[in-house]
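Protein chains in written order, with this note's numbering: chain U, 1 to 417; chain B, 418 to 1100.
These are computed hints drawn from the structure, not numbers from a lab.
All values reported here derive from a predicted model rather than from experimental measurement.
Don't be surprised by glycine CBs; every beta carbon is placed ideally from N, CA and C.
Hints may contain errors.
[To be verified] Stretch by stretch, here's where chain B covers chain U in the computed footprint (C-beta under 8 Å, at least three residues):
#, segment
1, 49-61
2, 175-188
3, 199-208
4, 289-302
[To be verified] Think about it this way: if two alpha-carbon atoms lie no more than 30 Å apart in a straight line, the pair counts; the simulated DSBU-like pairs of lysine-lysine are:
#, chain 1, residue 1, chain 2, residue 2
5, B, LYS839, U, LYS118
6, U, LYS248, B, LYS1091
7, B, LYS498, U, LYS118
8, B, LYS620, U, LYS26
9, B, LYS1073, U, LYS157
10, B, LYS498, U, LYS192
11, B, LYS839, U, LYS248
12, B, LYS498, B, LYS620
13, U, LYS307, B, LYS1091
14, U, LYS202, B, LYS1050
[What the hints assert, rightly or not] Examples of chain B residues toward chain U, derived with CB under 10 Å:
#, residue
15, LYS498
16, ALA990
17, LEU1002
18, ALA1039
19, ALA1041
20, ASP1046
21, LEU1048
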Amino acid sequence: MGIENLAEKAQILIRSRLCSPNFIFKPLSDSSDSNYSKLKFIISSSIMEACNNSILLLGPRGSGKVAVLELVLSDLLEEYPDTITVIRLNGLLHSEDNSALKEIARQLCMEHHLLFSKMASFDDNSQFMIAMLRECGLAHKTVIFTLDEFDLFAQGKQRLLYSLLDAMQTVTSQAVVVGVSCRLDADQLLEKRVRSRFSHRKLLFLPPSKEDVQRLLEHILSLPMDSSLACDYAAEFNEKLQSILADKRFKEIISNYLNSNSTTNHLLRFLFIAISNMELKSGFLSLENFKAALSSIQRHPKQECIKDCSILELYILVCMKRLEVREQNSYNFSSVMKEYKSVHDSFPTSDYYAQNVCLRAFEHLLQRELICFTDNRGHSQSIEFRQVKLVVSYAELQEGLKSYRSCPAILLKLIDR
Amino acid sequence: MASKKKAAKTDKMSGKKRVYYKKVVYDGGEFEVGDDVYVKRREDANSDDEIPELEECRVCFKAGKAVMVECDDCLGGFHLKCLKPPLKVVPEGDWICGFCEARKLGREVQLPRPPPGKKLARTLRDKLLSSDLWAAHIESIWKEADDSYWFRGQWYTIPEETSAGRQPHNLRRELYQTNDFADIEMESIIRHCYVMNPKEYAKAHDEGDDIFMCEYEYDIQWHSFKRLADIDNGDEEGDDSDIDEDWKSSKDAESDTDEDVEYEEEKVKNLQSRASSAHELAANSRKGKFFGLQKIGTKRIPEHVRCHKQTELEKAKAALVLAKLPKSLPCRNKEMEEISAFVKGAICDNQCLGRCLYIHGVPGTGKTMSVLAVMRNLKSEVDAGSIRPYCFVDVNGLKLASPENIYRVIYEALTGHRVSWKKALHLLNERFSEGKRNGKEDDRPCILLIDELDLLVTRNQSVLYNILDWPTKPHSKLIVIGIANTMDLPEKLLPRISSRIDAFEKQAIEFASRKVAAISGDARRALEICRRAAEIADYHIKKLSSNHNPAPEGKGLVGMSAVEAAIHEMFQAPHIQVMRSCSKLSKIFLAAMVYELYKTGMAETSFEKLAMTVSCICTSNAEAFPGWDILLKVGCMLGESRIILCEPGARHSLQKLQLNFPSDDVSFALKDSKEIPWLAKYL
């Protein structure tokens, strides 16, 4: 088997690992104060003791809230086969009470092989849900509701949350409500009577610490030493990997990358690009792969946008900048044109265009969101007379001009003054 | 045979029709609807065998009158004096005989042989448990046209006959109730047996040999088990059962027990035909009649629910569950007395004027619970006959799709018909304002309990107006009890309604938000804290015992630390922890926000200004400035978790930002960060 073949296999293996949350979060869940074991304990004890519970999982995006929840649910489904019904809702899809209840009824029907009617009213569905909760409780079945984007359910009158949490106040029902939200103040959004019925269990998900990141890197990137890949290849691969991981430059890259956002998901995205950059010919990871990944992921879209502008567009941007520097806070296309003309009068160059050409360039800038209208009103007005504002900042503009390949010297002069 | 029959009541009906009885004396035994009986399995069963009334002792093989104790394993009976060593009294709790104990230890056991010539007599219980007999629950008794007596029975089954077979956690005397019914001739009844629910069964001591325990229902079609509903929630009734019991009790009051009720044959047929077509109908439509729910049930009763010895902590947790409504509400006696005095006063008046009552208070102080407790007490008084029957309708404002729907719900609860809300409003108006009654049933006073009353406020407030207006009408016989947690409902209302509220403002009960717990006035919260504390303690103990195999016993107490952790978890916002663990740039970002705040004194800042500050901070501390776009992303991340409030990121440099927490919190969280020690100077 050629080395390329092996390398491809290794690449596929690591990529599939990166895409499966189960693999990523399994090793972090052993210790007793991990969120995994806490969450599992809460849910399994409410299954065992036939009681109701409600939990909130909080934490920044990408910190693995849903991944851990899914891990716990899949473990529990294995542990207690056919005593658990999982109802999954997402705030982005079902934040409206009516559709949420309909979805609950649909999933309950699916799960228990009942016939579902789309025509059922809000009342019907809510009564059905309560009846089902009761029946499931009598049959020792636990219903687990997972509400992703929990904060979005807390809009309006919160009928869904109220009826859900109120149904859980009876002895016969046996349900767990798990809310997932990236808003730390999600429980404060609940109305008083809803909050009173909520159990207020909270689990906080934090980004991994430095040691955890190191462990995670090793766990993900090193190849297994069993027979699935050639043993000597795997050994060599792991050896090279170890030397990379120990390298100071590599540590710098990682810490530079994680400076902006240290969540697990963010790290995985980086690793995926690095793995895809792996050279199949040599068959091993190298530091270059990680460097390339870093530069390809850390982009500056606005600055790159400026790089793509035409000279005329740059003129318009600079003119707007000059207007703003002069504390002229409300201006429109006509006043920009006036400035453009005055600039051109004092520094005549060949870059002078007619007004309709400038308008075209102006529209182009609007589309690229380098400038924007100050208000959303006045759609009926033509573009020339609507007030605009610069979206890119002074520093970005300057930076952009400097890196522009053939920037007229006059522009740089104009912006500095 | 015919001469033996003696019906309790003579046949009044014409010969063609069936005559139903509540109680029948047959073959020397009295059989009532609701009794459990042994039923012969086959016609040719050896019923001629003498059936011993008393069980024989397994040691001396005599029945005798001496006290016997029963082994909980093999169900064999033993005379106290025949045991070795003999017992003086029947032991408390479970008792297992010496033979079973020895068998469990793996020893060969020689059971005492009966004396030669004497067959070991089998009692009915033995026969039932070895499926030579059947047991059934009498649903109804009637006499056919040809003078034979029949009854409709609901079968019981033994664990061995279910699809799951006998499971290790099944008790010896356990039966399952099935959903299988059959019409059986009274002839085949042998005698009474007693099937009890687990609570009664646990209390039963010497009721004889024919007692059984039944906790589950077995579905013969789907082969699934379900707990019997009336065991667990015996003390909390739904509104529909209220109406049912009203009906029964009122009948009971005016007639003697041996009353014959005649059913329409067709009704029964209708029921059956509907059941057969059930699976074609959607499960979630048709209020009150959900089809297919019988499908739900466990195939096998999970072991953990049966033979689970609870630890002290688990017991505590179970007792603290919110759903466990306490039997008595401490420190709500005064309020409850006032409510019950109010309701009694309203319904006992002969002309029964309508009245209103408005109860308000902080959530979780037991408003709804007190009213429901009062209503329970009143119902028991109705059953006792000291109060006239009334109807009770319970509506929750938050569970209505729209405020107008309340008419429909009320009308449906009163009459059982479903109409549109406009029609319902019309009919209710007829009933309450014009005093039009179309039946005897309608003549009762009606108590309407509206939970979350404030949700019924509409723009023109017609719903509230109508509901509060009806009681003032002379013939309404309507009593409205409103519950809400807003104190200012009267102020929210338009003048014409608030004038009406004045009429009962005097009677309105002030539910002061008592300090149930020191931390919050909410009883639910206090209970939840305790439950969570118990959970935390339990978690730690279980972890400890799984790590070190010899479990440290006796440490099962909820310590102060657990309570503190629970309170901490419940009341402390997690933002400080998140700020501490967030990425480096986010920390710098937050510090810059605080710096900006002190510098300008303005809470709100724009992204452009902030980015300038960040770049200044970075350059003066030899830190690489990451660039605007990355900084913007960092800001949006913080905005997502609401540590700062910000506009959408598309606004870029125009984006407005503001801290969502006091700047002191940020300083506290970031002051001693090891990663970036220089951050402290900007805080």
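Verification of the hints:
1. Note: the segment 49-61 of chain U has 8 residues with beta-carbon separation from chain B under 8 Å; the three-residue rule is met and the coverage holds.
2. Interface restraint, the segment 175-188 of chain U with chain B: holds (5 residues with C-beta to C-beta distance below 8 Å; minimum three).
3. Counting residues of the segment 199-208 of chain U whose C-beta sits closer than 8 Å to any C-beta of chain B gives 7, which meets the bar of three, so the coverage hint holds.
4. Proximity of the segment 289-302 of chain U to chain B, defined as three or more residues with a beta carbon under 8 Å from a beta carbon of that chain, is established by the 5 residues found.
5. As the CA atoms of B:LYS839 and U:LYS118 are separated by approximately 24 Å, the hinted pair is consistent with the 30 Å bound.
6. Between the alpha carbons of U:LYS248 and B:LYS1091 the distance comes to roughly 20 Å, so the proposed pair stays at or under 30 Å and holds.
7. Using a Cα cut-off of 30 Å, the hinted pair B:LYS498 and U:LYS118 is violated, with the two alpha carbons roughly 70 Å apart.
8. Between the alpha carbons of B:LYS620 and U:LYS26 the distance comes to roughly 48 Å, so the proposed pair goes past 30 Å and is violated.
9. At most 30 Å may separate the alpha-carbon atoms for a hinted pair to count; B:LYS1073 and U:LYS157 meet this at roughly 29 Å.
10. A C-alpha spacing of about 66 Å is found between B:LYS498 and U:LYS192, which places the hinted pair above 30 Å, so the restraint is violated.
11. Among the hinted pairs, B:LYS839 with U:LYS248 is inconsistent with the structure: their alpha-carbon atoms are about 77 Å apart, more than 30 Å.
12. Note on B:LYS498 and B:LYS620: the hinted pairing holds, with a Cα-Cα distance of about 24 Å set against a maximum of 30 Å.
13. Proximity of U:LYS307 to B:LYS1091 is assessed by CA-CA distance (about 39 Å); at most 30 Å being required, the pair is judged violated.
14. A C-alpha spacing of about 27 Å is found between U:LYS202 and B:LYS1050, which places the hinted pair at or below 30 Å, so the restraint holds.
15. At a threshold of 10 Å, the smallest CB-CB gap from B:LYS498 to chain U is about 43 Å, leaving the interface hint violated.
16. Look at B:ALA990: its Cβ gets to within about 6 Å of chain U, closer than 10 Å, so that hint holds up.
17. Below 10 Å, beta-carbon pairs count as interface contacts, and B:LEU1002 has one with chain U at about 5 Å; its hint therefore holds.
18. The beta carbon of B:ALA1039 is not positioned within 10 Å of any beta carbon in chain U (closest approach about 14 Å), and the interface hint is therefore violated.
19. The restraint placing B:ALA1041 at the interface with chain U holds, with a minimum CB-CB distance near 8 Å, inside the 10 Å limit.
20. Look at B:ASP1046: its Cβ gets to within about 5 Å of chain U, closer than 10 Å, so that hint holds up.
21. Residue-level restraint check for B:LEU1048 holds (minimum Cβ-Cβ distance to chain U is 8 Å; threshold 10 Å).
Hint check: violations occur at hints 7, 8, 10, 11, 13, 15, 18; the rest are consistent with the structure.
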